[in-house]
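K.L.:
Those protein sequences? They're chains U and H, same order as listed. Take the first sequence: its position 124, counted from the start at 1, is 124 in full-length UniProt numbering, and no numbers get skipped. Take the second sequence: its position 241, counted from the start at 1, is 241 in full-length UniProt numbering, and no numbers get skipped.
Everything labelled a hint here was simulated from the structure, so no lab data went into it. Since the structure is predicted, the reported quantities are computational estimates derived from the model, not experimental observations. Mixed in with the good hints there might be a few duds.
[To be verified] No farther apart than 20 Å at their CA atoms in a straight line, the calculated lysine to aspartate or glutamate pairs in the DMTMM-like style are these: (1) H/Lys57 - U/Glu77; (2) U/Lys80 - U/Asp326; (3) U/Lys57 - H/Asp326; (4) U/Lys135 - U/Glu66; (5) H/Lys327 - H/Asp292; (6) H/Lys327 - U/Glu77; (7) U/Lys80 - U/Glu41; (8) H/Lys80 - H/Asp103; (9) U/Lys57 - U/Glu77; (10) U/Lys80 - U/Asp103; (11) H/Lys80 - H/Asp151; (12) U/Lys327 - H/Glu41.
2 protein chains.
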Amino acid sequence: MNIGVLGAGQLGRMLALAGYPLANRFTFLDTTGHPSAGIGEVLIDTDQNRLDEFLAKVNLVTYEFEHLPVALVRAIEAVKPVHPSSEAIRVCQNRAEEKALFDRLGIPTPAYRLVESADELEAAARALGCPVVAKSVTEGYDGKGQAVIRDPAEAGDAWRSIGHPQLIVESFVDFVREVSIIAVRGRDGQVAFYPMAENVHVDGILRYSIAPLPDLDDGVQRTADEYIRTLLDELDYVGVLTLELFQTRDGGLLANEMAPRVHNSGHWTLDGAVTSQFENHLRAIQGLPLGDTAARMPTCMVNVIGREGDSAEILAIPDAHLHRYDKGERPGRKLAHVNLLAPTHGELLNKMRTCAALLPDAPAPRFSFE
Amino acid sequence: MNIGVLGAGQLGRMLALAGYPLANRFTFLDTTGHPSAGIGEVLIDTDQNRLDEFLAKVNLVTYEFEHLPVALVRAIEAVKPVHPSSEAIRVCQNRAEEKALFDRLGIPTPAYRLVESADELEAAARALGCPVVAKSVTEGYDGKGQAVIRDPAEAGDAWRSIGHPQLIVESFVDFVREVSIIAVRGRDGQVAFYPMAENVHVDGILRYSIAPLPDLDDGVQRTADEYIRTLLDELDYVGVLTLELFQTRDGGLLANEMAPRVHNSGHWTLDGAVTSQFENHLRAIQGLPLGDTAARMPTCMVNVIGREGDSAEILAIPDAHLHRYDKGERPGRKLAHVNLLAPTHGELLNKMRTCAALLPDAPAPRFSFE
């Protein structure tokens with residue numbers, strides 16, 4: 001089984017590492033000219049003339065990046081199976097579509113407005129009540145294309161700084177924490193849910209995830225499971241889906257956004273879960289039975305951003321698992337992550353601090369349950 | 001760090017899968033003309049003229065197969081670091097050298113004789129008392145080059161069938177079980193020991209390993225640890241070393257043979273230990289701190305030999321981890337292994353039987369502690 005992957009970054013790399021033991025082979029189609037997967041066969045296609053070659057090599061197609069032209073993915077679907085489908089891409093790459101789907105399925109979200117001018121943005125800020133966050137409806141990634149508006153008078157500057165013809169404006173949620181639910185749906189409709197993770201972002205970039213959570217009510221996990229199940233079933237989805245949510249003071253969940261792929265907030269599953277998100281994605285898209293999503297132990301994922309730490313120091317931490325992406329250092333670039341496991345959350349937090357202290361530029365971590 | 005591997009089979013493949021997350025890259029030198037690693041860069045060198053090219057690409061060299069010309073490995077050592085060293089290869093590839101080392105270090109073995117003719121073989125069989133097992137001193141692998149002699153009169157036939165100028169003749173040990181100890185030694189002399197495994201061979205081929213053992217006395221593990229530590233220190237060894245032993249009715253251990261590499265009886269560590277033998281080998285040879293060798297849970301490794309089972313059926317077993325080598329089917333060929341984990345040995349044995357029933361040609365497994 002040769003699996004074609006659209007995109008050739010670290011997510012594709014980790015998919016391949018999970019897929020070799022299933023006797024999968026991988027062909028990546030890179031349109032950026034600077035692939036980093038470093039594994040499998042990588043077709044660099046900056047001139048967009050190698051798609052047929054790519055499709056001739058592969059049995060089915062998946063992707064590590066949802067900001068792909070929908071027309072392209074539909075054209076691929078006419079030739080080879082694509083999982084998740086182009087419909088998942090169409091919805092997930094547009095925040096307006098995504099929110100409309102959440103609304104239709106009864107999944108609560110922060111209050112929001114769609115705006116198409118600076119004036120509309122200012123009016124929305126007034127109506128929702130500042131602070132609000134304005135985001136371009138498309139191509140958002142890791143905090144790019146976003147602005148926080150603390151006063152409606154800032155709307156003009158924000159509009160120009162984002163520079164996009166349609167924005168979504170959302171109420172600032174007074175959340176206790178940011179969480180995510182990752183689930184996987186097989187070709188037969190079977191669904192499995194990972195324990196929810198708490199995610200700490202700094203400057204819009206994920207820095208830490210921890211799962212399972214010591215203080216998460218079972219009912220909250222079940223609510224998240226039901227939200228994501230509804231999405232999976234509605235989209236007749238095959239593969240791993242990620243839903244990021246805000247948890248409010250009353251324990252409620254508000255959907256933020258979703259990603260139709262393996263996700264940074266699920267990297268902890270590589271060492272902390274019985275079956276990783278990467279293996280389960282591959283099992284799903286090939287029609288194999290899903291693996292157990294249970295956690296083996298409390299696990300913390302620490303992202304390595306911009307500059308790497310000393311590998312020897314990191315690996316000296318007991319039950320630390322280093323996952324380097326073999327990329328060059330650059331400010332803000334995701335270079336690696338470290339998964340830390342411990343039998344108790346107290347020990348885990350100590351390990352996390354030890355690890356963070358070894359990383360240049362790592363912010364002081366703080367979780368809601370501390 | 002580009003790691004050169006002599007040999008390009010499944011052991012090299014699994015080393016590479018463990019090494020990508022450490023940002024290692026891999027170049028394999030294959031002299032057989034039919035490499036199966038299927039990952040990294042593979043140099044096929046059947047005409048033995050690509051060694052310089054190989055050495056120019058790599059930072060250090062290791063191997064997945066010890067039956068290499070010692071002169072070749074010494075020549076490589078003059079250019080690039082080789083771990084484990086050529087001395088380990090020299091000893092491990094010759095049963096006479098190996099037994100002499102065991103004797104010198106006080107590691108008990110079955111009684112043995114070295115013979116260089118059919119007459120000497122017959123005399124040794126009489127002296128040791130039949131049955132005995134005769135083995136060529138070199139190139140033994142998976143039961144090839146061996147014969148069991150049940151009567152001294154069979155010595156002539158056995159001599160001719162093995163067809164080697166020097167044999168080692170050993171008493172047949174009335175063992176309770178075959179076990180192995182795997183340890184890893186860092187460049188700084190630090191040593192870590194895996195829990196011992198019980199190994200079930202059929203027709204000289206490993207079929208099942210299970211670790212940790214429910215009935216293993218701590219003292220037996222400590223004895224095995226000390227035996228292998230003595231070997232590691234004596235050889236100033238860097239990397240993973242495997243020592244296969246017989247456990248006798250009184251709990252004693254007799255050394256059978258050793259392998260200067262990651263070993264099939266350690267494949268359970270991929271899912272069942274905190275750090276796999278593959279990662280620890282790579283950590284050791286790069287001078288990185290060794291990872292924890294503790295078992296997470298009772299684990300059984302089931303080898304898939306000759307023909308593969310249905311992946312979907314195998315993956316439907318809870319906490320089953322399939323590791324396929326992406327090789328063609330052929331009688332006696334190692335094609336894959338399955339690691340099964342369970343919280344108790346009772347559940348583990350049930351899973352093992354379920355798994356064995358899904359594999360064509362899998363013998364009925366039976367462990368000493370059942």
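K.L.:
Does each hint hold? Answer for all of them.
P.N.:
Each hint tested on the structure:
For the hint linking H/Lys57 to U/Glu77, the alpha-carbon distance of about 40 Å lies beyond 20 Å, and the restraint is violated. With a C-alpha separation of about 31 Å, the suggested pair U/Lys80 and U/Asp326 falls outside the 20 Å cut-off, and the hint is violated. Taking the CA atoms of U/Lys57 and H/Asp326, the gap is near 17 Å; set against the 20 Å cutoff, the hint holds. About 17 Å separates the Cα atoms of U/Lys135 and U/Glu66, which keeps this hinted pair within 20 Å; it holds.
Between H/Lys327 and H/Asp292, the direct Cα distance comes to roughly 31 Å. Violation of the 20 Å bound is thereby established for this hinted pair. Distance check on the hinted pair: H/Lys327 and U/Glu77 sit about 30 Å apart at the alpha-carbon level, beyond 20 Å; violated. Among the hinted pairs, U/Lys80 with U/Glu41 is consistent with the structure: their alpha-carbon atoms are about 18 Å apart, no more than 20 Å. Pair hint H/Lys80 plus H/Asp103 does not hold up; C-alpha atoms about 32 Å apart against a cutoff of 20 Å.
A hinted pair counts as satisfied when its Cα atoms are at most 20 Å apart, and U/Lys57 with U/Glu77 qualifies at roughly 15 Å. Proposed proximity of U/Lys80 and U/Asp103 is contradicted: the alpha carbons are some 32 Å apart, above 20 Å. The suggested pairing of H/Lys80 with H/Asp151 is violated, with an alpha-carbon distance near 50 Å, which exceeds 20 Å. Of the supplied pair hints, the one linking U/Lys327 and H/Glu41 holds, its CA atoms being roughly 19 Å apart against a limit of 20 Å.
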